[in-house]
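Enquirer: Once you've looked at the hints, dock chain B against the given chain A.
In order, the protein sequences belong to chains A and B. Heads up, the first sequence is in the numbering used here, so the first residue is 226 and it goes up one at a time. Heads up, the second sequence is in the numbering used here, so the first residue is 226 and it goes up one at a time.
Since the hints were made in silico from the structure, they are not lab data.
Copies of the same chain are indistinguishable here, so a pair counts whether it falls within one copy or spans any two.
With a straight-line Cα cutoff of 30 Å, these simulated DSBU-like cross-link-like pairs (lysine-lysine) come out:
| no. | residue 1 | residue 2 |
| --- | --- | --- |
| 1 | 271 | 346 |
| 2 | 271 | 283 |
| 3 | 272 | 283 |
| 4 | 260 | 344 |
| 5 | 294 | 346 |
| 6 | 344 | 271 |
| 7 | 271 | 260 |
Chain by chain, the residues run as shown.
There are 2 protein chains.
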Amino acid sequence: MKTFTPSHTEHEPEACSQRLSGLDDALYAIGGKWKLRILHAMQGGKKRFNELQRNISKISARVLSNELKDLEQNGFIKRHIFTGMPVVVDYELTEYSATLSELLTVMSAWGIMHRERTKEKFQAV
Amino acid sequence: MKTFTPSHTEHEPEACSQRLSGLDDALYAIGGKWKLRILHAMQGGKKRFNELQRNISKISARVLSNELKDLEQNGFIKRHIFTGMPVVVDYELTEYSATLSELLTVMSAWGIMHRERTKEKFQAV
Numbered sequence: 226m227k228t229f230t231p232s233h234t235e236h237e238p239e240a241c242s243q244r245l246s247g248l249d250d251a252l253y254a255i256g257g258k259w260k261l262r263i264l265h266a267m268q269g270g271k272k273r274f275n276e277l278q279r280n281i282s283k284i285s286a287r288v289l290s291n292e293l294k295d296l297e298q299n300g301f302i303k304r305h306i307f308t309g310m311p312v313v314v315d316y317e318l319t320e321y322s323a324t325l326s327e328l329l330t331v332m333s334a335w336g337i338m339h340r341e342r343t344k345e346k347f348q349a350v
Numbered sequence: 226m227k228t229f230t231p232s233h234t235e236h237e238p239e240a241c242s243q244r245l246s247g248l249d250d251a252l253y254a255i256g257g258k259w260k261l262r263i264l265h266a267m268q269g270g271k272k273r274f275n276e277l278q279r280n281i282s283k284i285s286a287r288v289l290s291n292e293l294k295d296l297e298q299n300g301f302i303k304r305h306i307f308t309g310m311p312v313v314v315d316y317e318l319t320e321y322s323a324t325l326s327e328l329l330t331v332m333s334a335w336g337i338m339h340r341e342r343t344k345e346k347f348q349a350v
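The shape of chain A in the complex, shown without the other chains (with noise of 0.2 Å):
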């Protein structure tokens, strides 16, 4: 399991140092395809296993699994299990994910500006 480790910052220009570790340690905990993926189709309350697979394209069930792993393990989502017959598992986010929504914001909007950019773009060729 993936833990958090603070990165190091020794080797760059002092200048920019603080902002480029700041991103070092955003990628680290919530980079790659499919964190902020996860994290955004959990909005809206708890969601089962299978629910979140079948709402985030071509994740596999392995991957999933890991990925839900270290959100927990990193405060982002909590699980729930109940031991009835069958046993039932959902995900919830916690608190601390509501730190994440205004760059989830900003990077939608910014990915639907890019988008009809573009698309524009295309249509101009």
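Expert: Here is chain B on its own, set in the frame of chain A:
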């Protein structure tokens, strides 16, 4: 070379499909381990290939070369070739890349906050 393809949203629930597809488009264009790090390392003026490789911890020449091609293809950077002896190639951010500055700022600030919180958590254990 990877070119940008707008994402498809047909299979997603209506309510958040616009935002999710924005996130997908953003992750497609600037996701992955390196692109935002490279764009950040290019702030402050033109950079040569070797300078970039020195400034970006642990990136291989092959990966850096491929990522720079993608970034150029997507309109974030320009490549200048000076055909003297020796040939000099440098890279510069485009005006369009400035559309990412809010995202870089929000992500860096979040990374710094997350690092501090993680330190506190470890110290408390």
